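Engineer: Chain by chain, the residues run as shown.
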Amino acid sequence: EAGVTQSPTHLIKTRGQQATLRCSPISGHTSVYWYQQALGLGLQFLLWYDEGEERNRGNFPPRFSGRQFPNYSSELNVNALELEDSALYLCASSPPGSPIGPQHFGDGTRLSIL
Amino acid sequence: RKEVEQDPGPFNVPEGATVAFNCTYSNSASQSFFWYRQDCRKEPKLLMSVYSSGNEDGRFTAQLNRASQYISLLIRDSKLSDSATYLCVAGMDSSYKLIFGSGTRLLVRP
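Protein sequences appear in the order of chains A and B. Following the working numbering, the numbering of the first sequence begins with 1 at its first residue and continues without gaps. Following the working numbering, the numbering of the second sequence begins with 1 at its first residue and continues without gaps.
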């Protein structure tokens, strides 16, 4: 069974640009979660998508947004990039009916802002 | 106050040692608890779920104390490969999200 896949592995942008990160959940999983992990810090919850809808978001500004497609894959968009957005962005998925069950993580996208 | 708090460590122990990590959570409505393991610059991987009755998986034992809002992880007979950061996680139905602690770093030396 393929795990959660994320692309790209690395992304380098400059301040003010926009970044798009992609995630494909494990087959059969309908929920996708996005987390930000800045260097030396813990995971910060960003967004939760389930069945194509945004169900919850963390304490991040509106320039962090995303969507979930009918095939349950998801995109995270970050507009007007700032230096402090440099971090590892992790996507996780879980099966239906387990919103607070264990989540399975992808390898992450490392976003670097120059 | 952080919603999930852990001692950041590092815990530096010799191979074969027994080591225990503790974690506290602030929201009494938390209903699901997990321990994840994260290797340097890698994604977190589920180590085990934590149940009120306590559960064991090989050398790993997890305990939950709801009254004290406290979770523990015990690792027996530590291996070099156990070196990693261990993340304590609590989840709540009301907010449908998992809250991760900042992690406890374990270093197992030969």
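Keep in mind the hints are simulated off the structure, nothing from the lab. Computed from a predicted model, the values in this text were never measured in an experiment. Each hint should be verified, as a subset may be incorrect.
What the hints assert, rightly or not - Here are the simulated distance ranges between beta carbons:
#1 A:Pro8 to B:Asp39: 17 to 23 Å
#2 A:Gln18 to B:Pro10: 34 to 40 Å
#3 B:Glu56 to A:Thr20: 40 to 46 Å
#4 A:Asn59 to B:Asp39: 25 to 31 Å
#5 A:Arg110 to B:Asp7: 36 to 42 Å
#6 A:Asn77 to B:Gly9: 19 to 25 Å
#7 B:Pro14 to A:Arg63: 44 to 50 Å
#8 B:Asn55 to A:Gln18: 42 to 48 Å
#9 A:Arg55 to B:Ser52: 25 to 31 Å
#10 B:Pro110 to A:Ser27: 30 to 36 Å
#11 A:Arg110 to B:Gln31: 29 to 35 Å
#12 B:Pro10 to A:Leu114: 43 to 49 Å
#13 B:Gly16 to A:Pro70: 50 to 56 Å
#14 B:Asn12 to A:Ala38: 22 to 28 Å
Ideal Cβ placement from N, Cα and C applies to all residues, glycine included.
Engineer: May I ask you to test the hint 25 to 31 Å on the CB atoms belonging to Asn59 (chain A) and Asp39 (chain B)?
Structural biologist: Cβ of Asn59 (chain A) to Cβ of Asp39 (chain B): about 27 Å, so the range 25 to 31 Å holds.
Engineer: Given a hint of 34 to 40 Å, does the C-beta separation of Gln18 (chain A) and Pro10 (chain B) actually sit inside it?
Structural biologist: Given about 38 Å between the Cβ atoms, the range holds.
Engineer: Confirm or reject the claim that Glu56 (chain B) and Thr20 (chain A) have a C-beta distance inside 40 to 46 Å.
Structural biologist: 43 Å, holds
Engineer: The hint says 25 to 31 Å between Arg55 (chain A) and Ser52 (chain B); measuring C-beta to C-beta, is that right?
Structural biologist: At 27 Å between Cβs, range holds.
Engineer: With respect to the beta-carbon atoms only, verify the hint that Asn12 (chain B) and Ala38 (chain A) lie 22 to 28 Å apart.
Structural biologist: Roughly 25 Å apart at Cβ, these two residues keep to the hinted range, so it holds.
Engineer: The hint says 50 to 56 Å between Gly16 (chain B) and Pro70 (chain A); measuring C-beta to C-beta, is that right?
Structural biologist: Given range 50 to 56 Å: holds, Cβ gap about 52 Å.
Engineer: Confirm or reject the claim that Asn55 (chain B) and Gln18 (chain A) have a C-beta distance inside 42 to 48 Å.
Structural biologist: 45 Å, holds
Engineer: Note whether the CB distance of Pro8 (chain A) and Asp39 (chain B) lies within 17 to 23 Å or breaks it.
Structural biologist: 21 Å, holds
Engineer: How does the Cβ-Cβ distance of Pro110 (chain B) and Ser27 (chain A) compare with 30 to 36 Å: does it lie in that range?
Structural biologist: Given about 41 Å between the Cβ atoms, the range is violated.
Engineer: Can you tell me whether the CB distance of Pro10 (chain B) to Leu114 (chain A) sits inside 43 to 49 Å?
Structural biologist: 31 Å, violated
Engineer: Does the hinted range 29 to 35 Å hold for Arg110 (chain A) and Gln31 (chain B) at CB?
Structural biologist: Cβ of Arg110 (chain A) to Cβ of Gln31 (chain B): about 33 Å, so the range 29 to 35 Å holds.
Engineer: How does the Cβ-Cβ distance of Pro14 (chain B) and Arg63 (chain A) compare with 44 to 50 Å: does it lie in that range?
Structural biologist: 48 Å, holds
When the structure is compared with the earlier hints, violations turn up for hints 5, 6, 10 and 12 and for no others.
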